[in-house]
Structures are given as structure tokens and as C-alpha cells.
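Chemist: Below, each chain spelled out in residue letters.
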Amino acid sequence: MIEFRDVHKHYADYHALRGISATIREGEFFSLLGPSGCGKTTLLRTIAGFEDISSGAVLIDGRDMAQVPANVRPTNMVFQSYAIFPHLTVAQNVGFGLRRDRRGRMEKDRAVAEALEMVGLGGYGARAAHALSGGQRQRVALARALILKPKVLLLDEPLSALDRKMREQMQVELIKLQRQVGITFVLVTHDQEEALVMSDRIAVMFEGEIAQLDEPEALYARPVDRRVADFIGVMNFLPAEVLGDGGEVVAVRIAGLGIVEIPAAQISRAMPGDPGPSVGFRPETMTLLGAGEEPRGAVQVSRGVIDEVVYYGDMTYYDIRLEGMGEAVEPVRISMRNVFGRDVPAVGIPVRVAWSPGALVLFR
Amino acid sequence: MAARGLDREARQGLALVAPPFAYVLLVMAAPLLVMLATSLFLFKTGYREYVEGFTLANYLQVWADPIFRALMLRSLWVAGLVTLATVVLAFPVAYFLSFVVSPQRKALWLFLITIPFWTSYLIRVFLWSVILAPNGVVNSILDFFGLIERPLRMLNSVEAIVVTLSHAYAPFAILPIFVALERIDRALLEAGRDLGENRVMTFLRVTLPLAMPGVVAAALIVFIPTIGDYVTPTLIGGGRVPMIANMIQSQMLDQDNRPLGSAIAVTAMLVVAVLAAVFMALNRRFLKVRA
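Order-wise, the sequence lines are chains A and B. Going by our numbering, 306 is the number at position 306 of the first sequence; the sequence numbering is gapless. Going by our numbering, 247 is the number at position 247 of the second sequence; the sequence numbering is gapless.
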């Protein structure tokens with residue numbers, strides 16, 4: 001559908017895109033995720049045609065877009081500021097792109113009404129666009145883009161200006177809308193949660209490069225390096241010492257967890273800035289055992305002391321200092337769902353934690 | 001509590017506007033009232049002979065005077081031409097400033113544009129007479145290249161007045177249009193392109209409508225003072241193409257008929273006020289420009 005072939009973008013003295021190669025599939029909800037300045041918006045704008053590329057190629061439906069200006073590309077965009085025309089009504093905004101459409105006026109009006117209906121703004125056509133709320137503006141921007149039946153809908157941080165409730169509601173609506181219209185959505189976001197919730201696949205970008213392109217589950221469970229692991233969700237890192245590489249498995253000694261054999265499938269790369277080999281795991285993959293509680297399944301048990309308790313209502317984070325992890329290492333963070341009737345242990349109490357080697361990722 | 005706080009705020013506000021208000025009262029309202037009174041309560045019957053008491057005779061005379069009508073129409077025509085020329089010429093300059101000049105250099109460009117206007121209005125008008133004179137800059141150049149046999153007559157014409165006034169008011173048109181263009185969210189232009197319009201159509205459907213408040217402001221700023229311009233018809237028109245201000249001056253000073261001169265001035269003001277009001281109403285109705 002959309003193919004990037006070794007795309008580079010140089011500004012005067014800044015290398016914004018550093019060899020992007022990736023393919024976005026037809027009909028998928030694809031996200032470009034990364035911190036600000038990573039090049040994700042620049043990359044999105046190369047699809048729309050607002051940004052020339054210095055070298056490489058951007059293809060849509062197998063066609064090189066180099067000589068195709070923005071106004072004839074089969075893409076439409078929802079801008080971060082929504083870019084609603086303030087001098088037009090809602091209906092005029094939505095119908096803006098229909099000028100060259102050869103249908104009659106009645107049919108165009110009907111198409112506009114249908115598009116507004118689709119985004120939940122039925123009956124708003126005659127309103128002045130400048131009098132709309134943020135959420136309504138966004139819906140107008142969506143209707144205005146989708147009415148042209150693009151092959152690709154580009155969304156540039158469309159939810160960042162909304163409050164949390166509205167944002168969560170729009171996330172669900174966008175997913176439904178994408179299923180309904182069945183076209184490719186490309187979303188730019190710096191919000192990892194948003195990307196995880198909405199996307200079929202996510203490209204995580206750092207400094208003009210795609211660090212990892214994967215499905216949300218894979219991205220979360222198996223980050224390719226510590227940057228990705230850090231950016232998406234919370235991950236604990238413990239220093240590890242590689243004892244032996246058996247090809248299939250690697251034996252490591254992990255501070256606080258002891259000697260563990262890690263399968264090759266769970267090994268990611270270390271980055272030049274990393275403080276040596278380390279092992280990472282997500283907070284929910286470790287379980288705090290109650291007094292006398294026996295661990296279930298193929299797990300191992302370690303001992304530690306509660307260093308900090310952070311209560312979130314539905315769940316609690318426990319920072320735990322494991323036995324033998326040393327003073328220099330940050331305590332590990334464990335998250336536990338709060339079950340009715342079970343006490344939340346207090347700071348300073350010695351505890352046991354159950355964990356599974358299958359949840360560990362080795363960065364070496 | 002709240003009411004008292006508000007009172008104090010109101011009092012402070014009044015104290016703040018009092019000096020400029022007094023100033024406006026003294027130098028704007030008072031002369032206007034004197035002029036209005038002169039036109040309504042005095043009528044000149046002979047040399048230094050006046051009839052006192054309320055009268056509309058001055059106004060009847062003004063409206064019956066074909067010269068007044070001719071000069072008023074010429075003033076409106078010249079002001080219209082000047083407005084058209086100024087806005088049409090100012091728009092590209094403002095567009096260039098807003099869209100082409102890099103942000104760091106905008107201040108420099110604005111500075112450069114206003115440099116010619118550091119000299120007084122009078123001198124600039126006079127310089128145009130040097131440029132357009134029979135032995136002036138334009139004719140000398142044309143003659144040097146052998147393009148003309150006799151010097152072109154350019155002064156003492158409506159065209160020369162329009163050229164001079166268009167130049168004189170250029171920055172007053174450039175600045176409001178520039179400000180309007182600066183306020184346009186650049187994403188709107190990308191949105192226009194994204195929705196299938198090329199650059200020209202995006203300009204016509206997005207940039208131009210959004211720049212209209214600036215264009216309207218520019219038109220009013222140029223049109224209104226131009227109608228009453230006195231210096232340019234005198235210096236560039238050489239008295240051959242007088243405008244309404246010249247007629248007022250003539251009545252007031254040459255003919256020493258202040259009541260009639262005042263009546264002409266008040267009438268001209270009313271005409272301009274009505275025109276401006278109609279313009280604003282049409283503007284609100286059809287252009288839907290929100291200033």
C-alpha cells in the first residue's frame with residue numbers, strides 16, 4: 001500500500017529521516033510512535049506530499065510519489081490543529097474537496113450530510129465552524145477527509161488537544177470508523193498507550209530511524225532494545241552477567257534473581273549507551289505472594305523487602321528491593337491488581353515474589 | 001464588596017481615558033461642533049455681512065451647486081481609483097512579506113518598506129511633481145533613449161494624482177493586509193492542498209477570503225482620507241483638477257464664506273460616512289468578514 005524505500009530527509013543542518021524502509025499494508029491501522037523530534041510527523045508529511053524527501057522513494061499503491069503534488073495524491077489528512085476553515089460553515093468545510101466532483105448539488109449535499117452523520121455531527125451543517133468545540137472540530141476534520149474516499153487517511157496527533165475522557169472516547173470511535181470505511185489509517189502519536197490501543201502495527205521511531213515495527217503485543221512483550229522498552233509502558237531493568245552462550249539458550253546471572261537460562265527468542269540487542277547487559281521485565285509479570293501463598297505454575301520465587309507503595313485505586317505499584325540485587329540498582333516495580341479483601345502490604349515488610357523466566361528479555 | 005471593587009475599577013478606567021478624551025474633545029469634537037454651528041446658524045449675504053439664526057440655506061446652496069456635485073464625484077472617483085490601485089499593489093507586497101520572507105527577516109523588510117515614509121508627506125508629494133514634470137525624471141529618461149519627441153504631459157491630471165496618492169498610502173494598505181495574512185494558520189493552506197486544490201485555487205478559496213478583513217481595513221484606511229486630500233490636487237493637480245478639499249479651502253479662505261465652506265465640509269463628511277456605513281454593511285452581508 002505505502003512503501004518507504006530508504007527515505008532520507010535533510011534540512012539545512014539536520015538529518016530528520018535517516019533511511020526509513022517500511023511497508024504499510026492495505027487496510028491496516030498503522031501508527032508512527034516516538035518522542036517529539038523523532039521524525040514521525042515528517043515521515044507522515046512525506047506521504048501527504050507536504051515534505052519533499054532528499055533521497056529514497058515513497059510509493060503509494062506501487063506508484064512513486066516523487067512527482068505527484070499533494071493535491072492529487074490519494075491521501076487525506078487530519079491535521080494536528082484540525083485546520084478547519086474559519087470562514088466557512090461546517091457543511092462548507094466538509095464539502096470543500098467536492099468542488100471538482102461532477103455530481104449534482106443535491107447529491108453533494110447528501111454526501112456532506114452523510115459524512116457528518118458518520119462522525120456524529122448530523123444536523124450541524126449550518127453552524128459556523130469557528131464556534132465548534134475541540135472534539136467537534138476534529139469530527140469535522142475527519143468527515144472532510146473521509147468524504148473524499150481517500151486510499152489512506154493520515155492523522156497527525158489528532159487526539160493530543162483533547163482532554164483525557166474525550167481522547168479515550170475518540171480512540172474507540174476512530175477504531176470503529178476505520179473498520180467501517182476499511183481504508184488504511186496512518187496515525188502519528190507520541191502517546192504509547194494510544195498507539196497500543198488503536199493500532200494493528202506500530203513503528204517506533206527514534207532520531208529519524210524506525211527502531212522497531214511490530215504488532216502492539218510483540219512491541220510490548222519483546223522490545224528490540226532498551227529505548228523501545230523504556231518508551232512503551234514500564235520496564236524494570238536488572239544488570240546481568242552473561243555466563244555462557246549455548247546458542248539455543250544463554251545463561252546469565254541476574255542481580256536479585258540469580259542464574260537463569262534465557263532462550264534465544266527472548267534476546268534483544270544492547271544499545272551503545274546501555275550500561276552493559278541487562279534483563280528487563282514488565283511490572284505485571286511478577287507476582288507478590290501473600291503470607292503462606294504457594295506459587296502456581298512453572299515459576300521461581302525470590303525474596304525482597306517493600307521499598308515503596310503507590311496506590312492507584314484499581315491497582316497498586318510496589319517497589320521491591322530484591323535480596324542480592326545490591327544497593328546501586330533501583331528497586332524493581334511490580335504491579336498488582338487490588339483484589340477485594342486482600343490487604344495492601346506496607347513499606348518495609350519482607351515479601352516473596354514469583355516470576356517466570358519466560359517473561360524476561362535479555363538486552364546484550 | 002464586588003460592586004465597590006468594580007466601581008473603583010471603573011473610576012480608574014475613567015481616570016486613564018480622561019486625558020486623551022479631553023484632548024479629542026478639544027481638538028476634534030469642539031472644532032467639528034463650531035463648524036456645524038457655523039454652517040447652520042450663519043449665512044453670508046455680502047462682504048462681511050452675515051445673517052444670524054438657524055438656516056438650511058447653506059446646505060441648499062451646496063446641494064444645488066453643480067460644482068460641488070462635480071468635485072464631490074471627482075473626489076470619490078479619485079479616492080476609489082487610489083484605493084483600488086493601492087490595495088491591488090499592496091497585496092502582492094504584503095503576500096511576499098508574509099509568505100516568502102523568512103521570519104527572521106520580516107522586521108527588516110517592514111523597516112525597509114517604511115523608510116520612504118520617514119520623509120514628510122508634503123515632500124513626497126512634491127517629489128512626485130519632480131518625477132512627473134515636463135523636464136522631470138520620467139521625461140528625461142524617455143528623451144535620453146529617444147522614445148519621445150516632446151515631453152509627455154503628466155502633471156495636472158487625475159492619473160498623476162492617483163499615482164501620487166497610491167504611493168503615499170501604500171504602507172497603510174500593506175500593513176493591515178500583512179497582519180491579516182500573518183494570522184492565517186499555515187495548516188489551512190496545506191488543508192486546501194490536501195483536499196485537492198492546487199496553489200491558485202487554494203489562494204482563491206482559503207488565503208484570499210481569510211485576508212479580506214485586512215483588505216477591507218486597508219480599503220477604508222486609504223479611501224476615507226484620500227477623499228479629503230488637499231495637498232496632492234494642489235501640488236500635482238496644479239489647481240486644474242481640484243477636489244472637494246480645494247473647494248472647501250476656496251470657500252473658507254479665498255471667498256471668506258465660512259458658513260458655506262463649513263456646509264460643504266459637513267456635507268462631504270456625511271457623504272463619506274454614509275458610504276463607509278454602506279460599505280461596512282455590504283461587507284458584513286456578502287463577504288461575511290469578521291474583523
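Check before you lean on any hint, since a few could be wrong.
Some chain B residues well away from chain A (every beta-carbon gap over 10 Å; in silico) [claimed, not checked]:
id : residue
1  : Val27
2  : Ser98
3  : Ser129
With the C-beta cut set under 7 Å, the calculated list includes, among others, these residues of chain B facing chain A [to be verified]:
id : residue
4  : Ile184
5  : Ala191
6  : Leu208
7  : Leu210
In case anyone wonders, no lab produced these hints; they're calculated from the structure. Where a beta carbon is used, it is the ideal one built from N, C-alpha and C, also for glycine.
Chemist: Compare the structure with each hint and give your call.
Modeler: Consistency of the hints with the structure:
Every Cβ of chain A is farther than 10 Å from the Cβ of Val27 of chain B; the closest lies at roughly 39 Å, confirming the non-interface assignment. Every CB of chain A is more than 10 Å from the CB of Ser98 of chain B (nearest about 17 Å), matching its label as outside the interface. No Cβ of chain A comes within 10 Å of the Cβ of Ser129 of chain B; the nearest lies about 43 Å off, and the non-interface call holds. Checking Ile184 of chain B against chain A: minimum C-beta separation of about 9 Å lies over 7 Å; hint violated.
Of the supplied interface hints, the one on Ala191 of chain B holds, with its beta-carbon coming within about 4 Å of a beta-carbon of chain A, less than 7 Å. The restraint placing Leu208 of chain B at the interface with chain A is violated, with a minimum CB-CB distance near 10 Å, outside the 7 Å limit. Checking Leu210 of chain B against chain A: minimum C-beta separation of about 6 Å stays under 7 Å; hint holds.
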